[in-house]
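**Student:** Letter by letter, the chains look like this.
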Amino acid sequence: DAMVIQNPRYQVTQFGKPVTLSCSQTLNHNVMYWYQQKSSQAPKLLFHYYDKDFNNEADTPDNFQSRRPNTSFCFLDIRSPGLGDAAMYLCATSRDPGGLGTQYFGPGTRLTVL
Amino acid sequence: AQSVTQLDSHVSVSEGTPVLLRCNYSSSYSPSLFWYVQHPNKGLQLLLKYTSAATLVKGINGFEAEFKKSETSFHLTKPSAHMSDAAEYFCVVSPSGTYKYIFGTGTRLKVLA
Numbered sequence: 001d002a003m004v005i006q007n008p009r010y011q012v013t014q015f016g017k018p019v020t021l022s023c024s025q026t027l028n029h030n031v032m033y034w035y036q037q038k039s040s041q042a043p044k045l046l047f048h049y050y051d052k053d054f055n056n057e058a059d060t061p062d063n064f065q066s067r068r069p070n071t072s073f074c075f076l077d078i079r080s081p082g083l084g085d086a087a088m089y090l091c092a093t094s095r096d097p098g099g100l101g102t103q104y105f106g107p108g109t110r111l112t113v114l
Numbered sequence: 001a002q003s004v005t006q007l008d009s010h011v012s013v014s015e016g017t018p019v020l021l022r023c024n025y026s027s028s029y030s031p032s033l034f035w036y037v038q039h040p041n042k043g044l045q046l047l048l049k050y051t052s053a054a055t056l057v058k059g060i061n062g063f064e065a066e067f068k069k070s071e072t073s074f075h076l077t078k079p080s081a082h083m084s085d086a087a088e089y090f091c092v093v094s095p096s097g098t099y100k101y102i103f104g105t106g107t108r109l110k111v112l113a
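As you go down the protein sequences, you meet chains Y and B in turn.
The opening position of the first sequence corresponds to residue 1 in the working numbering, with each subsequent residue numbered one higher.
The opening position of the second sequence corresponds to residue 1 in the working numbering, with each subsequent residue numbered one higher.
Chain B with its partners taken away, still in its complex shape:
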């Protein structure tokens, strides 16, 4: 069975410090992996995606994520948090050959001034 676990429901960081949002997945097939960001009352915006090419994926707004098959992880990082990064972040897995997009429960990022 496929699943996604976002290990932290809330993360708080100070502005200018690194961000780490953790995601572990379980998938029987070679998955595609995505990170989306959702600001309040807005739709989901794609940050980055992994589709079996380079394991280190660079996305928009300075975010990146590393696919680690041995750890079944796809953690999202950013070197320096900005106030505008405060939002909800969803890790999503899509097993190859299916229509399914399986969402994690989300991590709410708070950025402190």
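If we strip away everything but chain Y, and leave its shape as in the complex, we get:
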């Protein structure tokens, strides 16, 4: 089945130790998104790629970076995780951005920062 896959499902890191979260998709969608979701809150968009074009949300901290080496893969890098970065990180894809496009979400990676 076509899907959005996130690895790992659970990630534990230490304060200040860089971490990379992975997302892959078999849907061949043009757009890939990264969201941060804290407990009992709605997902918050960090950034998205439309093909190779990177679009950062204005309030996304510089500590968060992303790479999209090809259509199928997208990575979220947290350069120096703080305790406040502990959250669920959701990857999503859509064929087209917004409007008529539908987002498909992966299962998420839960990040714990010690």
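Incorrect hints may appear among the rest.
Each computed DMTMM-like pair below joins lysine to aspartate or glutamate, with the alpha-carbon atoms no more than 25 Å apart [unchecked claim]:
1. Y:Lys17 / Y:Asp59
2. B:Lys42 / B:Asp8
3. Y:Lys44 / B:Glu15
4. B:Lys110 / Y:Asp96
5. B:Lys49 / Y:Asp96
6. B:Lys100 / Y:Asp77
7. Y:Lys52 / Y:Asp96
8. B:Lys68 / B:Glu88
9. B:Lys100 / Y:Asp85
10. B:Lys58 / B:Glu71
11. Y:Lys44 / B:Asp8
12. Y:Lys38 / B:Asp85
13. B:Lys100 / Y:Glu57
14. Y:Lys44 / B:Glu88
15. B:Lys42 / B:Asp85
16. B:Lys100 / Y:Asp96
17. B:Lys58 / Y:Asp77
18. B:Lys58 / B:Asp85
19. Y:Lys44 / Y:Asp62
20. B:Lys110 / Y:Asp77
21. B:Lys100 / Y:Asp62
22. Y:Lys38 / B:Glu88
23. Y:Lys52 / Y:Asp62
24. B:Lys42 / Y:Asp53
25. Y:Lys38 / B:Asp8
26. B:Lys110 / B:Asp8
27. Y:Lys17 / Y:Asp62
28. B:Lys49 / B:Glu66
29. B:Lys100 / B:Glu66
30. B:Lys58 / Y:Asp59
31. B:Lys68 / Y:Asp51
32. B:Lys100 / Y:Asp51
33. Y:Lys17 / Y:Asp51
34. Y:Lys38 / Y:Asp62
35. B:Lys42 / B:Glu88
36. B:Lys69 / B:Glu15
37. B:Lys110 / B:Glu15
38. B:Lys100 / B:Glu15
Just so you know, the hints here were simulated from the structure itself, not pulled from any lab data.
The structure presented is a predicted model; accordingly, all values stated were derived computationally and were not measured.
Knowing the structure of chain Y, use the given hints to seat chain B on it.
**Tutor:** Same frame as chain Y, now just chain B:
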């Protein structure tokens, strides 16, 4: 400015009774509207979407929603709740021509035996 308001943060229903989760939106352009469900520690699953076709939209697991432009509402309903429906539900609006998906704050549905 575009926004989504989910009017209830928590809803409790008894198993077998109807479910109503309310959503109002504000959008300058013809929006697409979505309902997603999220079970604990899981990703978001699409329940249904409205994209300017029929105003009554049927989704998975017996859910449906009606787009009412005059009321700027997109309420989610189900005739009979099941225990497995207990989850968090998000209403999402995406204005046409933008990349934005604007999330409501979510409604936690509790189903009582």
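**Student:** Against this structure, judge whether each hint is valid.
**Tutor:** Hints and how they fare:
Among the hinted pairs, Y:Lys17 with Y:Asp59 is consistent with the structure: their alpha-carbon atoms are about 22 Å apart, no more than 25 Å. Restraint check for B:Lys42 and B:Asp8: the C-alpha separation of about 22 Å stays at or below 25 Å, so the hint holds. The straight-line distance between the Cα atoms of Y:Lys44 and B:Glu15 is roughly 32 Å, outside the 25 Å bound, and the hint therefore fails. Distance check on the hinted pair: B:Lys110 and Y:Asp96 sit about 34 Å apart at the alpha-carbon level, beyond 25 Å; violated.
With a C-alpha separation of about 15 Å, the suggested pairing of B:Lys49 with Y:Asp96 holds against the 25 Å cut-off. Proximity of B:Lys100 to Y:Asp77 is assessed by CA-CA distance (about 22 Å); at most 25 Å being required, the pair is judged to hold. This hinted pair checks out: Y:Lys52 and Y:Asp96 have alpha carbons roughly 13 Å apart, not beyond 25 Å. Between B:Lys68 and B:Glu88 the CA atoms are separated by roughly 23 Å; this keeps the pair inside 25 Å, and the hint holds.
The hinted pair formed by B:Lys100 and Y:Asp85 meets the criterion: a straight-line CA distance of about 23 Å does not exceed 25 Å. For the given pair, B:Lys58 sits about 19 Å from B:Glu71 by alpha-carbon distance, which is consistent with the 25 Å threshold. A distance of roughly 20 Å separates the Cα atoms of Y:Lys44 and B:Asp8; the hinted pair therefore holds under the 25 Å criterion. Proposed proximity of Y:Lys38 and B:Asp85 is supported: the alpha carbons are some 22 Å apart, at most 25 Å.
Under the criterion of a C-alpha separation no larger than 25 Å, the hint pairing B:Lys100 with Y:Glu57 is consistent with the structure, at around 11 Å. Taking the CA atoms of Y:Lys44 and B:Glu88, the gap is near 16 Å; set against the 25 Å cutoff, the hint holds. As the CA atoms of B:Lys42 and B:Asp85 are separated by approximately 14 Å, the hinted pair is consistent with the 25 Å bound. Distance hint between B:Lys100 and Y:Asp96 is fulfilled; the C-alpha atoms sit about 11 Å from each other, no more than 25 Å.
About 38 Å separates the Cα atoms of B:Lys58 and Y:Asp77, which puts this hinted pair outside 25 Å; it is violated. Our distance criterion of 25 Å between C-alpha atoms is met by B:Lys58 and B:Asp85, whose separation comes to about 16 Å. In summary, the hint linking Y:Lys44 to Y:Asp62 is supported, as the alpha carbons are separated by about 15 Å, within the 25 Å threshold. With a C-alpha separation of about 36 Å, the suggested pairing of B:Lys110 with Y:Asp77 is violated against the 25 Å cut-off.
Note on B:Lys100 and Y:Asp62: the hinted pairing holds, with a Cα-Cα distance of about 21 Å set against a maximum of 25 Å. For a cut-off of 25 Å, the pair hint linking Y:Lys38 to B:Glu88 stands: about 13 Å separates their Cα positions. With a CA separation close to 19 Å, the supplied pair Y:Lys52 and Y:Asp62 stays within the 25 Å bound. A threshold of 25 Å between alpha carbons decides the hint, and for B:Lys42 with Y:Asp53 the separation of about 28 Å lies outside it, so the pair is violated.
At roughly 19 Å between alpha-carbon atoms, Y:Lys38 and B:Asp8 fall within 25 Å of each other, so this suggested pair holds. For the suggested pair B:Lys110 and B:Asp8, the alpha carbons sit about 12 Å apart, so the restraint of at most 25 Å is met. Annotation: proposed proximity of Y:Lys17 to Y:Asp62 holds, straight-line Cα distance about 15 Å (limit 25 Å). A threshold of 25 Å between alpha carbons decides the hint, and for B:Lys49 with B:Glu66 the separation of about 10 Å falls inside it, so the pair holds.
With a CA separation close to 22 Å, the supplied pair B:Lys100 and B:Glu66 stays within the 25 Å bound. Restraint check for B:Lys58 and Y:Asp59: the C-alpha separation of about 36 Å exceeds 25 Å, so the hint is violated. With a C-alpha separation of about 34 Å, the suggested pairing of B:Lys68 with Y:Asp51 is violated against the 25 Å cut-off. A hinted pair counts as satisfied when its Cα atoms are at most 25 Å apart, and B:Lys100 with Y:Asp51 qualifies at roughly 16 Å.
Restraint check for Y:Lys17 and Y:Asp51: the C-alpha separation of about 29 Å exceeds 25 Å, so the hint is violated. Using a Cα cut-off of 25 Å, the hinted pair Y:Lys38 and Y:Asp62 holds, with the two alpha carbons roughly 18 Å apart. As the CA atoms of B:Lys42 and B:Glu88 are separated by approximately 10 Å, the hinted pair is consistent with the 25 Å bound. Restraint check for B:Lys69 and B:Glu15: the C-alpha separation of about 31 Å exceeds 25 Å, so the hint is violated.
About 9 Å separates the Cα atoms of B:Lys110 and B:Glu15, which keeps this hinted pair within 25 Å; it holds. Restraint check: the Cα-Cα separation between B:Lys100 and B:Glu15 comes to about 36 Å, which exceeds 25 Å; the hinted pair is violated.
In summary, the numbered hints that this structure violates are 3, 4, 17, 20, 24, 30, 31, 33, 36, 38.
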